[in-house]
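Work the whole structure out from these sequences, hints included.
There are 2 protein chains.
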Amino acid sequence: MDELEIINRIETSLSRSPLVTLGPADDCAILPSHPAIGLVTTDCLMDGTHFIVSQITARQLANKVLCVNISDILAMGGVPEYLTLSLAIPKSLNPSFVEEFLESFLSLTNTYSIAVAGGDTNFWDGPLVVSINLTGRPIKGQPIRRSGACMNDHIFVTGALGGSLAGHHLDFSPPMELVHELVRQFPITSMIDISDGLATDLRHILKQSKVGAFLIKDALPARDTIQNLSKPEQIKRILSDGEDFEICFTVNSSIAETLLKKYPQLIRIGFITDEDEVIRWSDDKSIVDERGYEHKRKSND
Amino acid sequence: MDELEIINRIETSLSRSPLVTLGPADDCAILPSHPAIGLVTTDCLMDGTHFIVSQITARQLANKVLCVNISDILAMGGVPEYLTLSLAIPKSLNPSFVEEFLESFLSLTNTYSIAVAGGDTNFWDGPLVVSINLTGRPIKGQPIRRSGACMNDHIFVTGALGGSLAGHHLDFSPPMELVHELVRQFPITSMIDISDGLATDLRHILKQSKVGAFLIKDALPARDTIQNLSKPEQIKRILSDGEDFEICFTVNSSIAETLLKKYPQLIRIGFITDEDEVIRWSDDKSIVDERGYEHKRKSND
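Protein sequence lines correspond, in order, to chains A and B. So in my numbering, the last spot in the first sequence is 301, and the numbers never skip. So in my numbering, the last spot in the second sequence is 301, and the numbers never skip.
There's no promise every hint is true.
[Said to hold, decoys possible] The following label-pair restraints were derived from C-beta to C-beta distances: (1) Pro95/B x Lys207/A: 21 to 29 angstroms; (2) Glu177/B x Glu177/A: 45 to 53 angstroms; (3) Ala166/A x Glu177/B: 55 to 63 angstroms; (4) Ser113/A x Arg184/B: 32 to 40 angstroms; (5) Ser92/A x Ser96/B: 29 to 37 angstroms; (6) Ser173/A x Ser54/B: 40 to 48 angstroms; (7) Glu99/A x Cys150/B: 37 to 45 angstroms; (8) Lys207/A x Gln142/B: 42 to 50 angstroms.
Derived from the structure by calculation, the hints contain no laboratory data. Beta carbons: idealized from backbone N, C-alpha and C, even for Gly.
Written out as structure tokens, the structure reads:
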């Protein structure tokens, strides 16, 4: 694939989507009418910062850049809808990498029913940069915020945590179907995706909701890749590793048992207290002071 | 400004906008309901490719990245509304450049009444990359496409062309007020912004509309910076220089005089023929074979 073939490949994929009224034939893409409130998120992945191009497959890069954005839409109870893709491609990059990236990316957008509305493809002498802007709509009309957690709510996560850097962070799939089912059926009071580590992301909920939390040490679910570590080390990794891309949410205690019965794969890890932004262990009441990735660089993360 | 201050500055600006229901406090920005059809465009400017950071002021860079995107929305008869801004900032870049860029950028978004809905700010060892995703709505409900030009329509441009690289391409303002007035009052049949040179951009209209054009040589408006050149050289530059960011549009001949009387700053440069995609000079009927920037790299340009 030469540069023009790459661009043509992208344009062809754009014009195929039935969700886009007009693709690459004009100054802008045209999207059909949207009566719902809109969600929008953007994420930019850069070689040497967020990935090492020689240590990642094209498919993994496509999966990661798409799924970190889907995870943000999902974390607000949203259905992803439209994206634009901006690429800064090193002139020296193997064209087969670009080709495989595009094929994987377009295949994944099909899997998630996301329409590629537009793009901007550039070639340069710098490192690879892949930037996505993804819009979505709240599946229940109103998005689920971080700010709705209430005293005594129970706290759940959708899957195992920690040790993601062993591979999960490249090959993960956001738990979209599960979260959409949950949002449709249950009054979820707050929700966030776990990207910076459970400790840091739960604190975002606590801060926005002006509440605290007890965590149940024995309930914290460790990913396979850290099962060989000591229990205290596992706990530390679960709280601070990040890049899990599971969803953490809260519901009123009265529906917690119904939820668990219907979705036994959910893990109840604690409950909400009234102690402003403080996390304690439920057994000995000591303060949890672990933190994840705190240097916040995204304006929406 | 250190990295965290830069991020805080962006977040503060986000949360201020009354057009965004929710800014940086959650996984996505929340935008209010939109009954209208949506327009979306994206543009990525890279140091060394689209600008040289040592040869551009921070204000010029802010103006360019914003206005090339506004120009695309305007070219479809749209009002720009929401944007996300992705930055890859070299760690070595003078913080005062970043600070001035942000101040200029936010001031310009205010000027154009555009809400900054989200962003992703990163620091790395690579060159500066600035990427914007801009949405808009068609001011008349339906966007103005490239495909509506009809036989005998008159062709207009909103301002002088050619020689933009002498400075205009960095400091231009899209003719937003004028174009919005025109779109509101007159049935414009096709429209495009002139970014790749009049010859190339007019050909986009001809191709999409399946028509041809006569151009009036003496009517082509030369920018001040090329007035010192010979007439043939001026014509060549007008047709092929690009980066003009004026608007080219067509209307039915019956309203052309009314249009010119009300807006004497408009320039009528020719009219539409039925000769598929062929441009000829109106005086000697010879074929215009000049072309502008043809290697199309944007999926919406």
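Structure-based check of each hint:
A beta carbon spacing of about 28 angstroms between Pro95/B and Lys207/A agrees with the range 21 to 29 angstroms that was offered as a hint. Checking the proposed 45 to 53 angstroms range against Glu177/B and Glu177/A shows it holds: the Cβ atoms sit about 48 angstroms from each other. Separation of Ala166/A from Glu177/B is about 56 angstroms and conforms to the stated range, judged on CB atoms against 55 to 63 angstroms. Checking the proposed 32 to 40 angstroms range against Ser113/A and Arg184/B shows it holds: the Cβ atoms sit about 36 angstroms from each other.
With their beta carbons about 33 angstroms apart, Ser92/A and Ser96/B fall inside the hinted range of 29 to 37 angstroms. A hinted range of 40 to 48 angstroms for the beta carbons of Ser173/A and Ser54/B is consistent with their spacing of about 44 angstroms. At about 41 angstroms, the beta-carbon gap between Glu99/A and Cys150/B stays in the expected band of 37 to 45 angstroms. In this structure the hint that Lys207/A and Gln142/B lie 42 to 50 angstroms apart at CB holds, the actual value being about 44 angstroms.
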